[in-house]
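Visitor: Generate the whole structure from the sequences, applying the supplied hints.
Keeping their order, the protein sequence lines are chains A and B. Under the working numbering, the first residue of the first sequence carries the number 1, and numbering increases by one thereafter. Under the working numbering, the first residue of the second sequence carries the number 1001, and numbering increases by one thereafter.
Bear in mind the hints are in silico, worked out from the structure with no lab data behind them. Values in this document were obtained by computation on a predicted structure and should not be read as measured data. All C-beta atoms, glycine included, are put in the ideal place defined by N, C-alpha and C. Fair warning: there could be bad hints in the mix.
Stated by the list, open to error - What follows is a list of derived Cβ distance ranges for each label pair:
1. A:Thr52 with B:Ser1361: 40 to 46 Å
2. B:Glu1374 with A:Gly40: 31 to 37 Å
3. B:Ala1338 with A:Thr139: 51 to 57 Å
Unchecked claim - Beyond 10 Å from chain B on every Cβ pair, some chain A residues (computed):
4. Arg62
5. Leu68
6. Ala104
7. Ser115
8. Thr119
9. Ala135
10. Ile142
11. Asp186
12. Arg193
13. Gly203
14. Val260
15. Leu281
16. Ala284
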Amino acid sequence: MPVPSPSRTGPAGGTRRRRRGPRTWIAALPLLVFTGLCFGLPVAALLYGAVTGADPATGSTRLTGEHLRRSLQGPYLGSLIGSVQLSALTAVIGSVAGVLIAQAIVTSRRTWLRSATLTASGVLANFGGVPLAFAFIATAGISGVVTRLADLDSLGWNLYSFTGLAVVYLYFLTPLMVLVIIPALDGLRPQWREAAQNSGATGRQFWRLVGLPVLAPSLLGGFVLLFGSAFAAHATAAALVGGSVPLVTLKIADALSGNVLVGQENVALALSLDMIVIAGLVMAVYLPLQRRSARWLR
Amino acid sequence: MFRPSRLGATALLGAAALTTLTACGAAPDGAAAGAAVKANASTSAAGFGGMKALVAAAEKEGKLNVIALPADWANYGELIKAFEAKYKIKVGSENPDASSADEIAAVKARRGQKRAPDVLDLGIAFARSGAAENLFAPYKVEAFDKIPAGQKDPEARWYNDYGGYVSIGCDAKRIKNCPQTFADLLKPEYKGKVALNGNPTKSGSAFGGVYAAGLANKGSFADIQPGIDFFAKLKKSGNFIPVESTPATVEKGETPISIDWDYLNAGYADQFRGKGVDWKVSVPSDGVYAQYYSQAINKQAPHPAAARLWMEFLYSAEGQNLWLKGYARPVLLPAMTADGSADKGSVAKLPKVEGTPSFPSSAELDKAKAALAENWDKALS
Chain A
1 MPVPSPSRTG PAGGTRRRRR GPRTWIAALP LLVFTGLCFG LPVAALLYGA
51 VTGADPATGS TRLTGEHLRR SLQGPYLGSL IGSVQLSALT AVIGSVAGVL
101 IAQAIVTSRR TWLRSATLTA SGVLANFGGV PLAFAFIATA GISGVVTRLA
151 DLDSLGWNLY SFTGLAVVYL YFLTPLMVLV IIPALDGLRP QWREAAQNSG
201 ATGRQFWRLV GLPVLAPSLL GGFVLLFGSA FAAHATAAAL VGGSVPLVTL
251 KIADALSGNV LVGQENVALA LSLDMIVIAG LVMAVYLPLQ RRSARWLR
Chain B
1001 MFRPSRLGAT ALLGAAALTT LTACGAAPDG AAAGAAVKAN ASTSAAGFGG
1051 MKALVAAAEK EGKLNVIALP ADWANYGELI KAFEAKYKIK VGSENPDASS
1101 ADEIAAVKAR RGQKRAPDVL DLGIAFARSG AAENLFAPYK VEAFDKIPAG
1151 QKDPEARWYN DYGGYVSIGC DAKRIKNCPQ TFADLLKPEY KGKVALNGNP
1201 TKSGSAFGGV YAAGLANKGS FADIQPGIDF FAKLKKSGNF IPVESTPATV
1251 EKGETPISID WDYLNAGYAD QFRGKGVDWK VSVPSDGVYA QYYSQAINKQ
1301 APHPAAARLW MEFLYSAEGQ NLWLKGYARP VLLPAMTADG SADKGSVAKL
1351 PKVEGTPSFP SSAELDKAKA ALAENWDKAL S
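Guide: In structure tokens form, the structure reads like this:
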């Protein structure tokens, strides 16, 4: 391909701007290098570690499916299932609650309510890890303030269980859903609703035939995001439930950095690989749908 | 910072993976060798030409890298200060809350670097596997022969340093009758009160707690299942809470009964006496289990002489008594009780134990751990 003359490509050369050029990819090079180094390399190392191991006889490295096999059975499989269950449940509840709150704000006429909720959501969506766990221990733990005031014990409340963990996760997942769904709800133009009403549609029909189909990809996207957040969460769960709710992130931490089990590093890498596969499967559902929604919501 | 996001997890995994990578690729750089060759090959103080020469060589290096030594654990804070005061050596303490696996990873990842840890305080399984991987330098401290045979590697690549018994700590201000045995813990009055120091598949002291509970329930060193069943029963009755007991949860009353090493529980008693916590410690008579940690020198220690001097210091009467002051039972305690060099005041303050401890063999430990890893989740969920 002939190299264009400088006068045509330079910004001062004319009003016509070239949208694509043979060398524009160079501008993206730093990003590509960064991605390759910071994401590609670890993934490659992870893959390598998951499928290789030291030969017990000779000590040399050999290819083996042993780690992947072990990561998919017994307590490791249990932890994967536990993580998927917890993430799916909290993502569903968080999505529904988040959408309802967001819709209430979008239709409300009070602008201060909207800005207050958005600010609070921004803060709460980022409130996680050990601080969140400790906040819950102090309020709803066994000797927590709320537990004693409201006598939650007699109602069967137990923070250190699957249910307790789900409630704690919803504390940051619901605001996250509010944040990501509000732009989509804003994108539902009032004119569409008016048009539907003028044509004699009921509110229900509007949502079933117009609202939800347009929103569906965004809803699903929000769900995927929430699922991912819950799936990868570690610190909160570690501080709250230790080993009593089987979660894959906790299992990886046990295997990588513990005082008890020796030589489990490769199984941890295999578990990480399983996590990537699960996250990939969930994303695979979402991506094609997101492309569809881009047409409507700008 | 702690936001649980997918990005964070990827970064974490990435960091872990990178560590593995560097571990494979790093080669020892020649600069650290040279003058240090002799120190790195010395297997006793005599190799330097006596203690004086060892001190001189160590002070010339002037620095010691330690890892995974919490200041409030077995009096390590005071040990480090005493060592710095006695010799002209600066102790760099890295990641006090690290685990044994982290220590081994640091040794492998920083092979030949100046920042590598010089000495390691390891769980016994990691001491054995590290020696098998040829990571440690053999070195006999002057008191080496006094260490009981069952508590040292014959080639002196590691030997036990201090240990303690599984004990039951109890906040007497919150609990009317403090439990004395594992059997007591099942009583309905302790509903929602009993905690372990972490997850037994990860934390050494929690593992000790399950092991001891097994011994209390007709288990053996080779059979930990009765211990797992015991905690399943405890969980079912609602007595067990999975919160990891820490100084913070003890002080707050969140873990009013905590199964932990006796030296940690006894330390809490001191620490919180003035804060409205009356922390009582008892070693359960039905499940007596003692476990020791081990000390080892990094084979490629950047400060080989200082590392050896640190070992001599730890196994001197002064070092052993400082551990004792932190309620840990130093490995030389029997010998020191016999020759009268043990600090009697500290000995008198140790929680009472009947009988002498016995230790599981390597094979028995492996078997117990495999059973625990396999069955703990099932029992507790």
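Visitor: Run every hint past the structure and note whether it holds.
Guide: Here is how each hint holds up against the structure:
Checked against the given bound of 40 to 46 Å, the beta carbons of Thr52 of chain A and Ser1361 of chain B, roughly 31 Å apart, lie outside it. Roughly 35 Å separates the CB atoms of Glu1374 of chain B and Gly40 of chain A, a value that falls within the hinted 31 to 37 Å. Hint check: Ala1338 of chain B to Thr139 of chain A, Cβ distance near 54 Å, so the stated range 51 to 57 Å holds. No beta-carbon of chain B is positioned within 10 Å of the beta-carbon of Arg62 of chain A; the least distance is around 14 Å.
Residue-level check passed: Leu68 of chain A sits 16 Å from the nearest beta carbon of chain B, beyond 10 Å. Residue placement check: Ala104 of chain A keeps its beta carbon more than 10 Å from all beta carbons of chain B (closest about 26 Å). For Ser115 of chain A, the requirement that its beta carbon stay farther than 10 Å from each beta carbon of chain B is met, with the minimum near 22 Å. With 10 Å as the threshold on Cβ separation, the claim that Thr119 of chain A sits away from chain B holds: the shortest Cβ distance comes to roughly 17 Å.
Every C-beta of chain B lies more than 10 Å from that of Ala135 of chain A, the closest at about 12 Å, which supports listing it as non-interface. The Cβ of Ile142 of chain A does not lie farther than 10 Å from every Cβ of chain B; its closest approach is about 5 Å, which violates its non-interface assignment. For Asp186 of chain A, the non-interface assignment is confirmed: its Cβ lies about 25 Å from the closest Cβ of chain B, beyond the 10 Å cut-off. Its beta-carbon lying about 35 Å from the closest one in chain B, Arg193 of chain A satisfies the requirement of being farther than 10 Å from that chain.
Distance to chain B confirms Gly203 of chain A as a non-interface residue, since its nearest Cβ pair spans about 37 Å, more than 10 Å. Here Val260 of chain A does not stay apart from chain B, with its beta-carbon only about 5 Å from theirs, under the 10 Å limit. Every CB of chain B lies more than 10 Å from the CB of Leu281 of chain A, the least distance being 14 Å, so the non-interface label holds. At roughly 15 Å from the closest C-beta of chain B, the C-beta of Ala284 of chain A stays outside 10 Å, upholding its exclusion from the interface.
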